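Undergrad: The chain contents come next:
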Amino acid sequence: MKARNTFRSSALAAAIAFSLAAAGNAQAAGKTPPPLAPLGDPPVPADNKQSDAKVELGKLLFFDPRIGGDASISCSSCHDPEQGWAWAEDFSRGYPGTVHWRNSQTIINSAYLGKLFWAGSAASLEKQARSAARGGVAGNGESDLMETRMALIPEYRKRFREVFGDEYPLIGNAWRAIAAFERTLVQKDTPIDRYLQGDKAALTDQQKQGMELFNGKANCIACHNGALATDQKYHNIGVPYARRWEEDGLAQITFRFEQYAKGSTEAMYREIKDDAGFYYRTKNKWDKGKFRTPSLRYVMYTAPYMHNGAFYTLEEVIDFYDKGGVDAEDRTTDFPDNKSALIKPLGLSDDEKAALMAFLEAFSGDEITIEKPELPDYAPLFTEQELKEAKK
Amino acid sequence: MRPLIALALALAVPALAGAPAPAQGTGPLQPIDVKPALADLGKRMFYDTRLSGDTTLACASCHQPDKAWTDGEPLSTAYSGAGHFRNTPTLANVGYRGAWMHDGRLGTNLNDVAREMITETYLMNMDMRIMQERLKQDPVYLEMFKKAGYGEPSNGSVRKAIPEYLKTLTSRDAPYDGGKMSASAKNGFEIFKGKGGCAQCHTGPLFSDGTPHNTGVPENFDAFLDPQRHQAFLAYALFMGVENLYNLKRDPGAHVRTHKADGSDMGKFMTPSLRELTSTAPYMHNGMLANLGDVVEFYNQGGGPDSHKSPMIKPLSLSAQEKADLVAFLEALSGAPLTGPEFVWQEAYPDEYPVIENWRQARN
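Protein chains in written order, with the numbering used here: chain A, 1 to 392; chain B, 1001 to 1364.
Hints in this document: simulated from the structure, not taken from any laboratory.
Source: prediction; values computed, not measured.
Hints may contain errors.
Heads up, simulated EDC-like pairs for lysine to aspartate or glutamate below, C-alpha to C-alpha not over 20 Å straight-line [claimed, not checked]:
#1 A:K388 - B:D1226
#2 A:K392 - B:D1222
#3 A:K388 - B:D1306
#4 A:K388 - B:D1222
#5 A:K392 - B:E1243
#6 B:K1249 - A:D144
#7 A:K273 - B:E1357
#8 A:K392 - B:D1265
#9 B:K1249 - A:E389
#10 A:K262 - A:E142
#11 B:K1249 - A:E386
#12 A:K391 - B:D1265
Just need the whole structure built from these sequences, with the hints factored in.
TA: Here it is as structure tokens:
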């Protein structure tokens, strides 16, 4: 009954939105967002089908620090299952000798995202794995060396031959295997899924109140919509610059490196003190400070929040939105001109905030843990006898 | 004045190749004129681990001043998580060379050599854009770059400063140069030029013709049996476009430059300089010969087995005395160690990167 009502009101709103759009005011009105929905199976690209053997191989590689620069840092170093498949500090830990400049995002349900990274710079999980393993403040690995390392691990030679038909492991297939493993790290049996599938007891009354606020007064649904609770679009919501850039020399180094590496004018490099986000991809000034809406799924395990980890609790996040994209110290983005019109003071009562908080919990099921695999050893390709017998 | 000297050197260095060994007592190598502030900057960077990706290695980690800028190991240590497949070459007189690396694949200038060493994944694995920003975070560097005539640290100026320092590493006070050789060494010099045939390749003031030859040095199996060394070797071979690399059981050497289909260029390595040998054991591109006596004996026997060995390498039938004299001569080519503060950075580096205060207002 309730679902039908929601559908009707959505359809009505859509009709209104359409007429406003025709009047040339589409931006202000927005489109009626797709409602929250239960999560289905993740899409699988046609050129990287799932198989048990591929997933098993990907799991090994995900945890293997030899897929990285100095063989000390693996995918799982910054996407630690014990830390929500992310990193529980504001900035991701980064390659040894560096620190990252953005918050590490969870792997859970990344299978559903069309683009990866906070500004959507990777178009697939396969490409994300490659970029992360090679980035200077992430894996800092180099493809040739990572590839030849795998060739010296007999177990990998065997598995790459079975899964991909490689005579010797190819690094591109390592990214495919890792992506296949990540496509198994999904959670679709949360309270919100059960509720939306008809189990009305799956949410408490307080959570249902929170859902009303989510869809109504707080208007979270404007961006956190659909089955993944994200529109996968880029918004400037007013997150302030990271304090750490004022306090940590290592973080200041990375901040400037990123301006340089991601591409900015010299004038911008000299002056900028905040992360311009989506701008680095589009180079449109109106995209400064925009980041892709993150999913709210698994959010109970992925603190801190926002692209720079500005908030360590969801309560702070709710307060931030309640104040209209302003933090407790009245700080906001360095790019206020680009701040979304959707972000406005909400006037939420303490009870309403508590209800929203309770509802956010419904997006997370049990914590997903995993037994870390035992990694296969290196072994020489040749015996000493074979080397002695080689003709020169 | 300086450009003129630089030009003269640029013309002189290639002309050295093929020149016969000079008579003894012709004096030491002429120092290369450098800009002191720039060389000083290069010196600080040479000993700074922050020039490597994970900040564990400096240039000086493998190129140690008290071993004439080698590390005393048969095969070099290399970056964390990898190993090297060749011997660390000395940097003494490195500024007089015309080509670098045991296979001679870098034939331009020290600027390119510095870049290659810093960025190579199994050496220092440094993204130079991060390096540049690290340097900008250290007030000492900001001051030194200014003093050296650069506005602020940049990759380009790093690649000028390190070579400038390297050009100061000129051998001095070798008995050979000063005409102070022992009688045995003098005998050795005659064998060197005559019966030993050494001067066919070890020519000119550096005692190197600057070209690669196959002398039949045996393979160092550690380069293949140690997976960390082998992975670096394979990555190198992969990058250099060597065929059939996973079945390769020898170091291709200068083949990576010429890629002859019949493999006749396999196993050729650059003639090393003979200066500062007393500090640079073990010897050869893969450290397979432990001491100079072994090296002389290796050549006495006509090198090692190799179907593409240079025809210049033949058994020599040297007597024990002749071999000893030859070693005495080789030792007379080493001078005073370059280990004082003039050559070695003395001050400590900061434990962490200082914060730029008032960051919000400061220009990046």
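Undergrad: Each hint: holds or not?
TA: Do the hints match the structure? See the list:
no.	hint	verdict
1	A:K388 - B:D1226	holds (15 Å)
2	A:K392 - B:D1222	holds (17 Å)
3	A:K388 - B:D1306	holds (13 Å)
4	A:K388 - B:D1222	holds (12 Å)
5	A:K392 - B:E1243	holds (16 Å)
6	B:K1249 - A:D144	holds (19 Å)
7	A:K273 - B:E1357	holds (13 Å)
8	A:K392 - B:D1265	holds (11 Å)
9	B:K1249 - A:E389	holds (10 Å)
10	A:K262 - A:E142	holds (19 Å)
11	B:K1249 - A:E386	holds (8 Å)
12	A:K391 - B:D1265	holds (15 Å)
Violation of the numbered hints given earlier is absent; every hint is satisfied by the structure.
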